[in-house]
Amino acid sequence: MPWLKFMAATRSRSGFNMNEIANYIAVDTIEEAAETLAAGPVTVLAGGTDLMLQTEAGTRSYAATLMNIRRVAELRGVGLEDGSLTIGALTTVSDLLADPIIGAHCPILAETADQFASPQIRNMASIGGNICNASPAGDLLVPLIALGAEVALVSKADGALHSRRMPVEEFVIGPGASKLGDTEILTFVHIPSQDGAAGAFRKFGPRPALEIAIAAVAVTGRIEDGKFAHMRVAFGAVAPTPVRGRAVEAALEDKPATDETINAALAATDADISPIDDVRASAWYRRHLIRTLTQEILADVFRA
Amino acid sequence: MMDQIAEQISLIGQRIPKPDGAAKVLGRTQYINDMVLHRMLIGKILRTDRVHARILRLDISKAAALPGVHAVITGDDTPMIGIGVNKDNPPLKSGTVRCIRDEIAAVAAETEAIADQALALIEVEYEDLPAVFDPAEALEDSAPQLHEDKPGNVGLSYNISYGDIAAGEAESDVVLDETYDLHYVTHCCMGPGCVLAEFDAMGKLTIYSQTQYPYNFKMDLAPTLGIHPGDIRVIQPPVGGAFGSKLDVYPFEPICAFLAQKTRRPVKLVFSREEEFIASPTRQPVRAHIRAGAKKDGTLTFRDVNCLLNNGGYTSWGATVPYVMMRTFSGHFRVPNVEFKSTAVYTNNPFAGSFRGYGNVQATYVTATLMDKMAEAVGMNPIAFRLKNAQEPGEVTPQGSLLKDCALADCITIAAEKTDFLKIYAANAKVETGRYRRGIGIATSLHNAGGAKIHKSDGCGTILTMDDYARVTLITGASEIGQGIDAVITQIVAEELGVPMASITIVNDDSAIGPWDVGVHASRTTFIAGNGARRAAIKAKAQILAAASKEANVPAEEMELRGGHVVQSDNGVSIIRLDRLLRAMHFAGEDAELVMVTDYYEPPSEPEGDNHYGDMSAAYAHAAYVAEVEVDTMTGHVRVEKMTVVQDVGRVVNGLGIEGQIEGGIAMSIGYGLTEDLRIEKGIVKNPSFRDYKVATAPEMPEIAYHFIENDTPEGPFGAKGIAELPAIVPAPAIANAVYNAIGVRFDNPPITPEKVARALHGGQDGGDQ
Numbered sequence: 000m001p002w003l004k005f006m007a008a009t010r011s012r013s014g015f016n017m018n019e020i021a022n023y024i025a026v027d028t029i030e031e032a033a034e035t036l037a038a039g040p041v042t043v044l045a046g047g048t049d050l051m052l053q054t055e056a057g058t059r060s061y062a063a064t065l066m067n068i069r070r071v072a073e074l075r076g077v078g079l080e081d082g083s084l085t086i087g088a089l090t091t092v093s094d095l096l097a098d099p100i101i102g103a104h105c106p107i108l109a110e111t112a113d114q115f116a117s118p119q120i121r122n123m124a125s126i127g128g129n130i131c132n133a134s135p136a137g138d139l140l141v142p143l144i145a146l147g148a149e150v151a152l153v154s155k156a157d158g159a160l161h162s163r164r165m166p167v168e169e170f171v172i173g174p175g176a177s178k179l180g181d182t183e184i185l186t187f188v189h190i191p192s193q194d195g196a197a198g199a200f201r202k203f204g205p206r207p208a209l210e211i212a213i214a215a216v217a218v219t220g221r222i223e224d225g226k227f228a229h230m231r232v233a234f235g236a237v238a239p240t241p242v243r244g245r246a247v248e249a250a251l252e253d254k255p256a257t258d259e260t261i262n263a264a265l266a267a268t269d270a271d272i273s274p275i276d277d278v279r280a281s282a283w284y285r286r287h288l289i290r291t292l293t294q295e296i297l298a299d300v301f302r303a
Numbered sequence: 000m001m002d003q004i005a006e007q008i009s010l011i012g013q014r015i016p017k018p019d020g021a022a023k024v025l026g027r028t029q030y031i032n033d034m035v036l037h038r039m040l041i042g043k044i045l046r047t048d049r050v051h052a053r054i055l056r057l058d059i060s061k062a063a064a065l066p067g068v069h070a071v072i073t074g075d076d077t078p079m080i081g082i083g084v085n086k087d088n089p090p091l092k093s094g095t096v097r098c099i100r101d102e103i104a105a106v107a108a109e110t111e112a113i114a115d116q117a118l119a120l121i122e123v124e125y126e127d128l129p130a131v132f133d134p135a136e137a138l139e140d141s142a143p144q145l146h147e148d149k150p151g152n153v154g155l156s157y158n159i160s161y162g163d164i165a166a167g168e169a170e171s172d173v174v175l176d177e178t179y180d181l182h183y184v185t186h187c188c189m190g191p192g193c194v195l196a197e198f199d200a201m202g203k204l205t206i207y208s209q210t211q212y213p214y215n216f217k218m219d220l221a222p223t224l225g226i227h228p229g230d231i232r233v234i235q236p237p238v239g240g241a242f243g244s245k246l247d248v249y250p251f252e253p254i255c256a257f258l259a260q261k262t263r264r265p266v267k268l269v270f271s272r273e274e275e276f277i278a279s280p281t282r283q284p285v286r287a288h289i290r291a292g293a294k295k296d297g298t299l300t301f302r303d304v305n306c307l308l309n310n311g312g313y314t315s316w317g318a319t320v321p322y323v324m325m326r327t328f329s330g331h332f333r334v335p336n337v338e339f340k341s342t343a344v345y346t347n348n349p350f351a352g353s354f355r356g357y358g359n360v361q362a363t364y365v366t367a368t369l370m371d372k373m374a375e376a377v378g379m380n381p382i383a384f385r386l387k388n389a390q391e392p393g394e395v396t397p398q399g400s401l402l403k404d405c406a407l408a409d410c411i412t413i414a415a416e417k418t419d420f421l422k423i424y425a426a427n428a429k430v431e432t433g434r435y436r437r438g439i440g441i442a443t444s445l446h447n448a449g450g451a452k453i454h455k456s457d458g459c460g461t462i463l464t465m466d467d468y469a470r471v472t473l474i475t476g477a478s479e480i481g482q483g484i485d486a487v488i489t490q491i492v493a494e495e496l497g498v499p500m501a502s503i504t505i506v507n508d509d510s511a512i513g514p515w516d517v518g519v520h521a522s523r524t525t526f527i528a529g530n531g532a533r534r535a536a537i538k539a540k541a542q543i544l545a546a547a548s549k550e551a552n553v554p555a556e557e558m559e560l561r562g563g564h565v566v567q568s569d570n571g572v573s574i575i576r577l578d579r580l581l582r583a584m585h586f587a588g589e590d591a592e593l594v595m596v597t598d599y600y601e602p603p604s605e606p607e608g609d610n611h612y613g614d615m616s617a618a619y620a621h622a623a624y625v626a627e628v629e630v631d632t633m634t635g636h637v638r639v640e641k642m643t644v645v646q647d648v649g650r651v652v653n654g655l656g657i658e659g660q661i662e663g664g665i666a667m668s669i670g671y672g673l674t675e676d677l678r679i680e681k682g683i684v685k686n687p688s689f690r691d692y693k694v695a696t697a698p699e700m701p702e703i704a705y706h707f708i709e710n711d712t713p714e715g716p717f718g719a720k721g722i723a724e725l726p727a728i729v730p731a732p733a734i735a736n737a738v739y740n741a742i743g744v745r746f747d748n749p750p751i752t753p754e755k756v757a758r759a760l761h762g763g764q765d766g767g768d769q
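Chains as they are written, first to last, in numbering that gives the first Met the number 0: chain A, 0 to 303; chain B, 0 to 769.
To be clear, the hints were calculated from the coordinates, so they are not data collected in a lab.
Yeah, the Cβ is synthetic: ideal placement off N, Cα and C, and Gly gets one too.
Some hints could be false.
[Claimed, not checked] Here are some of the chain B residues that sit facing chain A, going by a computed Cβ distance under 10 Å:
no., residue
1, Asp631
2, Thr634
3, Arg638
4, Phe689
5, Asn748
6, His761
Put together the whole structure using the sequences plus the hints.
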């Protein structure tokens, strides 16, 4: 009885959430999901690791209909075609950590998954949920932006399914905000062929595990003829959304892989980010950490 | 009949699993949270959202009218009789609120959801009053006055003076003048605060409580409820952690009782985690200003300490922690001239309670880092400087603690040898390059280890009975709050009576059954309750052997109890099976007797007199902990790699229990030193969740090496001393000293967070301060 279990789990401090949910629907296909979304206000339940905490804390409320998409089998798993990856939205963070295709073709995602929350949360949290949650500190968003990943968004109107694609970098627009339409469901994440590019992800929080990043960095690219090439950089927890490090990329691209270039890139980090002071860290410390983590990746991974 | 019963291996020092462990691991333990009584209602508390304000209007009519709500109460319905150390905290506030955790109304309803809904319907209007958050500012004449009867906002003061500070200073070659700012942390019990109250038809209260002092709890709870302490029965289901947080009556407990009284139904009240962070007592924050001196040869000359304690809005045990702090400042190492002054000052912050280690966590952070600073100032290494000032066995501290089996020098020497301290210390200090730097640091402390006579009695009652099958029921006043006393008492009784541990049942969860005990605090339970249990068992043994002597015509002194038999002491041959003897004693017509003995153990200690002088504990213990750390000079992250523990424990009773206590203490102290920080800004708790309040997790635990000093303290049960608080006291300053060894920076404002380290090394300018 998953419904009953859910009732118990949502018995919250404010006590109201349970009452707000008028309908519960567990869909089996993308089309059913899109139809349900078209019919009216829906809260989508995937892993629930953010949804539960946010509704419990009262920062988010349920729509009249709660739609469980976890039975949509086609949304879970990793596919490979011509070097490009397609990852179902329900693929869990633990799946990313264990998946052999990810390990072989996109190890930066496995590296990120390994630093994500705790094993229990990794078992439940989905890649689609982590993207839609659009947290400034969302771990997976950072490498996905560096990888040039796109999300597929599906809706149903006039009796037909419509799909559009958009870079992750454009999809997230603010803390908790994305371009996901009210009637849309995020179905797949597409990652273009990395063609042998290197990549690395680093995050820092005061604890070595079970930690929200106070700064995170992902870099992809390669060294060609002693020069940085095809460099893509992304930063997390230092702006309203995870951001692309375009100034750093420009400082690296086609430049010799030397300390001088790296130092120039580190100097450029400030232009890419706009950190704030909060209870977790000061802006100064976040800037310092971004330089530290970027230096670590460029020096240790790319020149190793 | 000629069975020879093999000599038993002593149970003392064995590794005995906690008897309550399996049920907890399997999720079968029933906490108060799990309890459901017939007709039970759910209670909820409305707290203010102001730090200092006058309540202009409090309208409960909509809440009271909500279907499913059985009672809504405010301070107008309940007596303004305060609880806590200064009796300044009425359970429900009327008129004025003084801190963010203030309780202003409470409801009892059919369900939690209805109770929450009712709270949301209560309307409150306030007039904000000027507020003060810093204890120094609160002492100024212009500061808002928080309590009419506490002029100048002074809550409590403690002062001692021994020797002559000026003379001490005059003979000093080095004088240090240092100020420490010691922060707020909180207990983080896994089980949040909860209580279940029920009145019977005769008006007597049964309260299911997490308290760790059930007997005086009745005394403290009764006045505010307006009932007789004798009409309160305290039942103590298993608790999910206490660590000192349950050593006082807190407002939610009488509030729950008021709701039960008003509705004539059982009422249960459970904190949310957020409430637990906001409305539980904290560790006492302390601003400590210390001046201290030494001669060139390393001899300490004086310590002059002034402490300001942020008392918050009301007074619980936090304000009394100087009682323990002063023993460390005056008595840890030989200090001929000591002055200690402390003032707890009311502010509009939340307030502190007792917390494992009491003031010694704060005092040891100061003294142990100051000893390192002083060693450097006089040009001695940290080991030699400490040994120079370590007391010898038999010395008496200025406040009168008799250090009869003082192992301080042994602790320091062993710690230094086991870790190759001086070599590593010197090598680390030379390294000035590289991203990752290693450091080693030592800290020591002293704590009461044979109870603490802060009440009229420091005793513990014990009742021991045996049934017809030689099963033992041991009723002790000492509560089990996770510290492991059930296992220890079982070992002690089994050891004395020669019966299997499985045949012993411990009863200690009901004040209507158990005899008085002062409470679980001050590292006292193994020592006091262990002595009580042992003395009761010895009395039972005497009764049994006297009966056996009559039965078998063998002198009692030639027999002993072993393996469930009465045996001949010299050859171990069974004289009679114990259960048979007990039945023979029981069914003996006119001479019938049951084994039912009682004991009240009062330790040979004395309460403090003038100038806080007195030998207040029956034993004292020292410990030296060595921390080895690695500091990431870029991120500022400090990783504790190894903790070497050298502790005078008198005698190990339960090997598993003692290691568990030490591991838990180290985790807590790593939190204090490195990660935990309850951020209170302008009276508001900024991080009331485990997401932003960082307790140490498994990866942060270092390798631990244990070295126990076992000298069998004369008064201890089988020689044991109390051990539980030193592990939560000593690690943090050892880590701070190790960080200094690694990077040459002192942090007198724990926790030593990565950001603080990074700022110290890289000079952060912009942004908010940490």
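Problem set entry | Structure versus earlier hints, numbers of those that do not hold, lowest first | The structure breaks only hint 5.
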